[in-house]
Structures are given as C-alpha cells and as structure tokens.
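Given only the sequences and the hints, what does the whole structure look like? Please build it.
The opening position of the sequence shown corresponds to residue 1 in the UniProt record's numbering, with each subsequent residue numbered one higher.
Among the clues, some could well be false.
DEER-style ranges, computed between Cβ atoms [claimed, not checked]:
| hint | residue 1 | residue 2 | range |
| --- | --- | --- | --- |
| 1 | ARG27 | CYS112 | 18 to 28 Å |
| 2 | SER94 | ALA60 | 19 to 29 Å |
| 3 | GLY7 | CYS36 | 26 to 36 Å |
| 4 | ALA109 | GLU8 | 23 to 33 Å |
| 5 | PRO4 | GLY69 | 18 to 28 Å |
| 6 | SER16 | PRO37 | 26 to 36 Å |
For the record, the hints were derived by calculation from the structure and aren't laboratory data.
This structure is a prediction, so every number in the text was calculated from the model and none was measured.
From the three backbone atoms N, C-alpha and C, an ideal C-beta is built for every residue, glycine too.
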Amino acid sequence: MYEPWAGEPDFLAETSEVGRRAAAWIRSLPRPPVPCPVSTWLAGALPEAVETAMGSLDPADCDRMGPDGRLIEGTGGVDAATMSTLSVVPCVLSEAVWLTPDQQVRLLAVACVVSGIVRLLADDPGTEILHSLVARMCTTLDHCGATVARRGR
1 MYEPWAGEPD FLAETSEVGR RAAAWIRSLP RPPVPCPVST WLAGALPEAV ETAMGSLDPA
61 DCDRMGPDGR LIEGTGGVDA ATMSTLSVVP CVLSEAVWLT PDQQVRLLAV ACVVSGIVRL
121 LADDPGTEIL HSLVARMCTT LDHCGATVAR RGR
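Right under this line is the structure:
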C-alpha cells in the first residue's frame, strides 16, 4: 500500500512546473520554412505530452498486488496515449531536418527523462523518497531547455 511522503504536494507541484518549462522550450524551437506533419506534431502534441505527463504524476499509481495476487502495473498517473506520444520521439526526429543535431538530442533527452520519471514513480516511488532521483532528473530537463536558450537555440 502506498503512503504519501512529507513534502509530496510541493514535490509534485515542482515537477509539474519543470514539465511546463520543458514544454515551453519545445514550443520555442524553430519551425521549418514549410510546415509539415512532424513540425505540427513537435509544436503541439509533443509539448502537450510533456506537460501532461509531468502534471499528472501520481506516485500512488504504482505497481502493486491485486486482490487475486497478480501484479497490477502502475502508470505513475500518466495515461497510455501520453506515454505513446513520448515513445515515438526517436522515430520522428530524423524527419525534423530543420532542427540542429543538438536540438534533436535534447528533444530525445526530454522524452526519455519524462518517460523515465513516470516509470520510476510507477515502479518504485520509495526509491524517489530515499534518493531524490526525480529531482535530479528534473534538473536534467531544465538543462535541456536552458542551455539551448542561452546559446541562441
């Protein structure tokens, strides 16, 4: 049974804010000269998925045993459609030819880190409590956007 930890509401509010910053960075990326499906997806669906995932985190929705003794896999509070959007980032980046390799790598990092945070909270929220892993992962998310912004994207 999951038990909330001291400071959890503040922690979740901060992760949500980090997600908003990451989504804002994605939305700020340059657009191609001619719009295409991938550019539309990168400007809309992807930042929305990042924001939704980071704003929906729920450590109580973790892996647990059901009444019948079977494992119920937690989702960390994030729905399958949002996770699916994050999972296709590696598949579409090669089509985003207007972005620099650095921007592409940072997009990949954002999608991987957000997915990792969700899985960490779904698989073992106790690890987060003991080791502050999500807080460190949020620092990585902030780095993805902040460094690029300082360098002029």
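May I ask which of the numbered hints given earlier this structure violates, with the numbers listed in increasing order? 2, 3
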